[in-house]
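Novice: Sequence:
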Amino acid sequence: MIIYRDLLTGDEIIADTSKIIDAGNGLWEVDGRMIKKGAENIVLAGANPSAEGEDADEGGEEGASEPVLDLADQFRYQKMEGVSKKVYQADLKKYMKALVEKMREAGKSEEEIKAFQSEAPAAAKKILGNWDNYDVYKGESMGEVAMYVLVDFREDGMTPYATVWKHGLEEYKV
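Residues 1 to 174 (the UniProt record's numbering) make up the sequence shown, in order.
Take these hints with a grain of salt, some might be off.
As the list claims (entries may be wrong) - Using C-beta positions, here's what the derived DEER-type ranges look like:
#1 E66 <-> M142: 18 to 24 Å
#2 R104 <-> Y172: 16 to 22 Å
#3 E155 <-> S109: 33 to 39 Å
#4 S141 <-> A106: 14 to 20 Å
#5 D91 <-> G24: 18 to 24 Å
#6 A122 <-> K86: 16 to 22 Å
#7 M1 <-> N133: 26 to 32 Å
Since the hints were derived computationally from the structure, they do not count as laboratory data.
Every residue, glycine too, gets a C-beta built ideally from N, C-alpha and C.
Model the full assembly from the supplied sequences, consistent with the hints where possible.
Specialist: Written out as C-alpha cells, the structure is:
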C-alpha cells in the first residue's frame, strides 16, 4: 500500500486503497464514501448486558450514529468551518510559495516545478469557481501552510470526493 503525505507537514492525506483520478492541472480527486460512526454497541460473547447495567432501553438512542467521510476518519482530517474564498486565496499563495521551496529542497526537477507552477493558476480557478460546494479540511497537524483537502460530491449526490494537489504529496510504501 502507498500512503501519500503532505510534503510540507508530513500529514497522511490519502492512500492508493482509494480510487485516485487525475483531474488535470496538478489536481487529484480521491473518491471516498460516507460511513456511519458512533453508537457502536459491542457485546462480548458471554456478557450479560442486563447484569452489567447495559440494558438496551437504557443509555443513548438506538442507532444514534452520524455519517462521516471515511477519508476524514481514516486520515484524521480536521474540518475547518467558515473558511472564506478570500482566506483560501491568501493561504493558497503562501502554500504555493512554500511548496515550490520544499520541492526544490526535495530535489524535484525544474521541469516538475515549472509544470506545477504553470498548472496551478488553472487549478486554483477551478477550485475557486466551485468554492461554495466544498467542505474544507486540513491534515491532522493543522499546519499553517498545510494542504487544504477540499471535499465535494459527485454528480450522483452520494459519492464524496476529496480534491488535493498532487505535487504537494510525497509517497511512501507501508
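Novice: All the hints need checking, so say for each whether the structure fits it.
Specialist: Evaluation of the provided hints:
1. In this structure the supplied range 18 to 24 Å holds for E66 paired with M142, their Cβ-Cβ distance being about 22 Å.
2. For the pair R104 and Y172, the beta carbons lie near 20 Å from each other, so the given range of 16 to 22 Å is met.
3. Between E155 and S109, the C-beta spacing of about 36 Å keeps the proposed range 33 to 39 Å intact.
4. For the hinted restraint 14 to 20 Å between S141 and A106, the CB-CB distance of approximately 18 Å keeps it satisfied.
5. Distance hint check for D91 and G24: the Cβ-Cβ separation is about 22 Å, which falls inside the suggested range of 18 to 24 Å.
6. Taking 16 to 22 Å as the suggested C-beta distance range, the pair A122 and K86 conforms, at roughly 20 Å.
7. Between M1 and N133 the beta carbons are some 30 Å apart, a value that agrees with the proposed interval 26 to 32 Å.
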